[in-house]
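Novice: Sequence:
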Amino acid sequence: MDFIPELTYKPNARVVFERLIRFYDRSSNDRILAVMLVPSPALRDFQAAYPHPECGYPDPAERADFWDRYLQERAVLEDDSLPLAYLSEFDQGLYGGLFGGEVRFLAHPDVGWISSMVPPLLTDWNGLEQLHIDSDHPWWQRYLRQMRIFVERSRAQTVEAASRRFSNESAEDTCHTEAAGCRFYKWGISHFILIDGLNFVFELVGATNAYLSVEERPETVRRAIDLGYELNVRVQQTFFETVGLFAGGTFSNFAQWMPGRIVSESLDPFHMTSVAYFEKWGREPAERIMNAFDGGVIHIHANGRHLLPAAATLRGLKAILLLDDLGYPPAFDVLADLKAKTGEIPLAVFAEYEKFVQRLSRRELPGGVLYQVKNVPDVATANRLMKQVRDYRV
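Per this note's numbering, the sequence shown starts with residue 1, numbered consecutively.
Everything labelled a hint here was simulated from the structure, so no lab data went into it.
Remember, predicted model here, so these are calculated numbers, not experimental data.
Possibly wrong hints are sitting among the right ones.
Stated by the list, open to error - Derived DSSO-like pairs (lysine-lysine); straight-line CA-CA distance at most 27 Å:
id	residue 1	residue 2
1	Lys280	Lys341
2	Lys339	Lys280
3	Lys341	Lys355
4	Lys374	Lys339
5	Lys387	Lys355
6	Lys355	Lys280
7	Lys339	Lys355
Whole structure, please, built from the sequences with the hints as guidance.
Specialist: Encoded structure:
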């Protein structure tokens, strides 16, 4: 990578990008990456501001302020994270809201997100043909406005100020890079989740009716899936047109950064189905939208781990996040078995600090994995630990 725009909230960004490139081109499968999750005053203040989960659509400027403060705190970390904000307000509710659904919001104090969902839009399938995408819809305008606010807030400074900050770069060089379309950033903006395929059918008629309709009205379901594809492509294309790429790639809330225009797909409706059901109804929509861009990432909940061998063969798949749920062993505890099901696909997994340190010291951590380490005591501990992470070889 010849040129990387400056990320003022990540002084070691070049090192991280180089490690991520090798990670995702699968040339460093004997190595590990790590994101260190340390105590955060910004998160503590968010938790105090949202004592109850239910809330309304927040002021996007306040959300940009939160991300700016949270990501600035993390600038002293020498881990493999990149400073990026997540448009959680649109991660589910946007898609139904654009068709007139009631968008409801929930605060997530552990991560600082405010997420959205909608109750089912249709009481029956008779209203499907009346649904159309309207770029003047209030939720479309909110989407554009919040992205633009985040884009503006994520830009670090003027060219002149940047040249003063980086004294080893002349003003002439700075202006040259600016003229080439490069800029200085404080932080980036992550892609957010798709709601397509059977997920979109859930938004229209609810989960129970979606599963029933697959059996009773399969052609209607296919028309709904086509509408969801059209909507999701438009939403994501608008994201890339408004936010743009960074160093030719996409920021990702769990994958950090990947080359190209990468989308975030969800296979959640198939976590409670057979693999055969996923092959019939889930594979084609997922591959279709990943290949409309430059690929995609997915997450798999614990109750969907039986899907891993099939999901790992999706055309266009770049990485998988393994999530934990009550009633199932943490992915970190059974990671060797899960990796055996996914082959060389890069994985991300959450790990408790104490367990991670123990297995790191015993050299028992599988390679080709990005570990998100929870409850790291402080920044100094995190940075000392990262020296071991960077030296680690399987």
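Novice: Please go over all the hints and tell whether each is borne out by the structure.
Specialist: So, going through the hints one by one against the coordinates:
With a CA separation close to 20 Å, the supplied pair Lys280 and Lys341 stays within the 27 Å bound. Using a Cα cut-off of 27 Å, the hinted pair Lys339 and Lys280 holds, with the two alpha carbons roughly 24 Å apart. A threshold of 27 Å between alpha carbons decides the hint, and for Lys341 with Lys355 the separation of about 23 Å falls inside it, so the pair holds. Taking the CA atoms of Lys374 and Lys339, the gap is about 21 Å. The hint holds against a cut of 27 Å.
Under the criterion of a C-alpha separation no larger than 27 Å, the hint pairing Lys387 with Lys355 is consistent with the structure, at around 17 Å. For the suggested pair Lys355 and Lys280, the alpha carbons sit about 39 Å apart, so the restraint of at most 27 Å is broken. Taking the CA atoms of Lys339 and Lys355, the gap is near 18 Å; set against the 27 Å cutoff, the hint holds.
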